Amino acid sequence: MPSSIPASSIAEAAVAPAPSAWRIFRHNRAAVAAGAILVLLAAFALLGPALAPFDPVRTGVGPSMAPPGLPHLMGTDELGRDVLSRAAGGLRISLLVGLGAAGAATLIGLLVGGVAGFFGGLIDDALMRVTEVFQVIPRFFLAILLVAFFGAGLFNIIFAIAILGWPEVARLVRAEVLTLRSRPFVDAARVAGASRTALIVGEILPNAMGPVVVNTSLLVGQAMLLEAGLSYLGLGDPGVVSLGVMLQEAQQIMRSAWWTSAFPGLLIFLAVLALNLLGDGLNDVLDPRARER
Amino acid sequence: MGPSLLLYTLRRLVQAVPLVFVIILINFALIHAAPGDPIDFLLGSSDATEEYIAQLRAEFGLDRPLPEQLLAYLGKMLSFDLGYSLRFREQVLTLILSRLPATLLLMGTALVVASLLGILLGAVAARRPYSATDNVATLAALAGYSMPVFWLGQIMLLVFALHLAMFPTQGMMSLRAPREGLGMVLDVAHHLVLPVATYSVYHLALVFRLTRVKMQETLALDFITTARAKGLPEGRVVYRHALRNAMLPVVTVIGLNFGFMLAGSVLTETVFAWPGTGRLLFDAIQARDYPLLMGLFTVLSVMVILANVLTDVIYALIDPRVVYR
Amino acid sequence: MTKLSRRDLMAAGAATLAVPGPVLAQGTPRRGGTLILAIEGEPATLTSHLATDTPAMMVANNLFNALVLLNEKLEPVPDLATSWTVSPDGRAYAFELAQNVRWHDGRPLTAADVEFTFNEIVAKLHPRAGSWWPNVESAKATGPHSFEFRLKQPFAPFLTMLGSVLSSGALIMPKHVYENTDARTNPANQRPIGSGPFTFSRWQRGSFIELNRNATYFKPNRPYLDRLVFQVSSDPAARLLAFERGEIDFLHWYIVPYDRIGRLRTDRRFRLYQKGDAAATNGLMLINHRHDRLKDAKVRQALAHAINRETINQRGLFGEAKVAKSHVGSTIAWAFTDRFDYAFDPAKANALLDEAGFRRGADGRRFPLRLFWASGRDYEGRGAEIIRDNLRDVGVDVTVQVFDRTSFTDRVFRQWDFDLAMQLFTTGPDPTVSVTPRYHTNAIRRAPFVNGMGYSNPEVDALFDREPTITDPAQRAQAWHDIQRILMRDLPALPLFELPPIHAASARFADVVTGPQGYIENRENAYELR
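Protein chains in written order, with the numbering used here: chain R, 1 to 293; chain V, 294 to 618; chain Y, 619 to 1148.
No lab work stands behind these hints, which were simulated from the structure alone. Fair warning: this is a prediction, and the values are worked out from it, not measured in the lab. Accuracy of the hints is not assured; some may be wrong.
Unchecked claim - Quick look at which bits of chain Y chain V covers, simulated, 3 or more residues with Cβ under 8 Å: (1) 649-663; (2) 798-809.
Said to hold, decoys possible - One-sided excerpt, in silico: chain Y residues whose CB lies under 10 Å from chain R: (3) W702; (4) A855; (5) G864; (6) D877; (7) D1090.
No residue lacks a Cβ here, since even glycine has one placed at the ideal position from N, Cα and C.
Isolated chain R, as found in the complex (with noise of 0.2 Å):
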């Protein structure tokens, strides 16, 4: 196998240039952007519902279909509900399940890759097999089935996308502790008598993490457009309104009310905007490796 195969595709897309001062400086200035507008969507997401003048599931707090205006901003869907009210809870929840989503395949990506890449020998090769049987395998596809197959619960939807993304971050991780593995500051610690544990955790993953901070940023905004899309399948959980769940209820009447279905859709495209706009600049900032070049 060659041994250049990147890691992830995500990943490896975002390693970010030679850094010059000016240029991370530059490239920064997008990511605070993004940051601010971030912060924004994640205020209007935990403040909207409590703020927003309706309850965003109670139908009938307006007319049926108003365009958006005062006192519905963005407009009310076919049962009268505030979409604003609505889509400030969708956000919340398609912020949770990404955050979840990417959350849960770190956590796996990080216990695989880092218990690969430093034990090596057996492990290593049994740990790299069940990651190659699961980097083959039509992932959406999986996610659709378990979904499908277990109910479109809010749980089954982050389990199902967290499957998606572990095997990037187990192969990211491995590859960074089989480089720090050899460095002179890891074998330092191994003659100064840390035990395993205390290397991988206290030493060797700490070293690792800006490449992984980096492929969860990206991972969020990946989960977020995961769930939008089994939403659109109908596999989405109508018991919490996410974003995916508006648009998919919206493709019904978007031709009466554009309104229902451009807002969410908007609001999912800048948020994942902006997290893949942070995850560049984390990148510049927290990758090892583009530091050294």
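Take the given structure of chain R and dock chains V and Y to it, following the hints.
For chains V and Y alone, kept in the frame of chain R given last:
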């Protein structure tokens, strides 16, 4: 290279065999652990008698123990018999094969368009990093893969099919006046534009970003500096030497993304009523069509494995430095 | 129907325009043209003997013929049978068949085919045979072109059943193709040889099914169209776009977008067909009678008073439906009565719930309930949302849960693990075959679309058993009024809305819909205007 490459290819293929079995096993376990009854869907909103339901169960072997069902399934697999679809009352392999060309046409076109455009734009952007052109292109690429595919598809439909009336909304060919020969090719191409545009955006963005980064790295390498020092024209340096070098990881990413592209087909095919495997899979899931689901998983997984092997081989062809153990 | 709206008048207009035969306003029918019809999913087969899904029925009816069909009043009219007689005791039905009918492969169609179809295919394989076949004593050819059914006892809806091919599966199949084969896997199920107005041409999987004009069809001058194409189109937004762009000519009633009907109605490029509806489909909320709160009739009646069904119609179906006021559809005019309906009255609902002993707690709530629906029909989901709000207003804490269709059916009809559930039930063409199997005690089985509610009332069972043998129409109608009184009092399910039978077609075509089963009927009368 020749014989060793062939050996390498063969060895990779042999290595893939146990993988296929693992995948079959996983699918089987998953599908049978799930709730829901396939007979219900088959009956529709009908007043079936208990006898009829029992007869259906017997007919499809659903009343036999699981290990027996699995053994029988594996045995049939070895003879390329993927079983019989409950939902469509047709051989699974026949069904999948009849849908595969449409998916491959859509994916292949999208892959070629996205890769060519992505590499070209990436190379152009890399020549003047952080120029206005580069920044706009980078942002546009980021935007491209920050959008839900189906949402983008619906916007494309509204703009280009409804308001501008430039393209048909769905299907693969015009049904009212079917054409033959060249006319049919043009008709299919016309139907292909919007799905391909929607479908390739994500991949285009990915290839663009990767090419751009790799090009920048490569352009800073010694041999490029040497080439420039030798007085070779800049265009030739960039597009002959550097691009070739930067394309290697791009090829890998294309290969690794094959599985994801296959997955993206479900959404695109549904929006544009494209008659491929993606839509078939969704129908199969809705119907809990066990044989069809397992057949689809097997065929699609095998395709992904083959794509990975193919990627390695192409990689070896482009990069003579790679030595195979 | 008490008051006539503008819509009703327009619908009536459409109905007169669409009457088959020489009374056409738009000129004479002409040969030629291709009609493209949308189907929402890929059918399993192109025949009617194994499946009851709409796409399969839409295609099969163009490839095959029945003995009789139904007209707007749900009376039998000739198809393969040119005439028929019923014996005075109501137990023998004799049919004379058209003499000049040929299968698409050139062989003549005879009474032997009819005999084979009923005895070897319908009786053994059709999923719905259980609802009517047990009444049949024998089905025999009595000559090359004559055929007779004998019944065990009088069965009033017999001809209506035969005419409703969706219920009876009674499309006549070729004996020479199916004899001595397994009719379940016969390749002809995918490449049918029929006798109908169109012949099978090709089936591009996942894309379209193409039929060509049958040049040797036994009905003179029919059909007019050269080709029928059934386009598989599963995305609602894209399907509507294709229709508006003229790529698709026909959207049947299950896939017409109710929110756009207002616009389509005023657009001259389109024509809406709003026809008498043989299926008479009601949207209902099923109520689980095993639930320790819901087994109290007062609670069920309170729910009926608390739910604003007009809002469900206005917001869930964009005002295109009618509030369902009984367990029988209003288009089954002879049997229907709305006398036992409930008024929207939250105060009364509160009073009934208090009376039943379920008083509000400190948080204003009385007890929780789960309301299930199956994804796929968006209006059911919207209805569920409205019901949740309505019931919360009277202190019943409802949570809405959605499942895919298969899991839903499993939970509701096999596990009986539900409190309330949204479900469509047909009530036509005759309530004996569509209403009785939902609410009879003997229908409490772990099987789809029967009495999963666990409702049992010996009084109504006796009526169900007796009424099909009543040959006097007035007495039979009275029996059905009694049944509806009991059902509306006991509420095994609350009728919510009557699904509106609206089909949308391109105005370039005429007579696309001519009968009461417009969505699945054959298109032998349709023609293109030029």
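Status of the hints after comparison with the structure:
no., hint, in the structure
1, 649-663, "holds (count 6)"
2, 798-809, "holds (count 4)"
3, W702, "45 Å, violated"
4, A855, "5 Å, holds"
5, G864, "16 Å, violated"
6, D877, "5 Å, holds"
7, D1090, "47 Å, violated"
Figure legend: structure checked against the earlier numbered hints; hints not met, in rising order: 3, 5 and 7.
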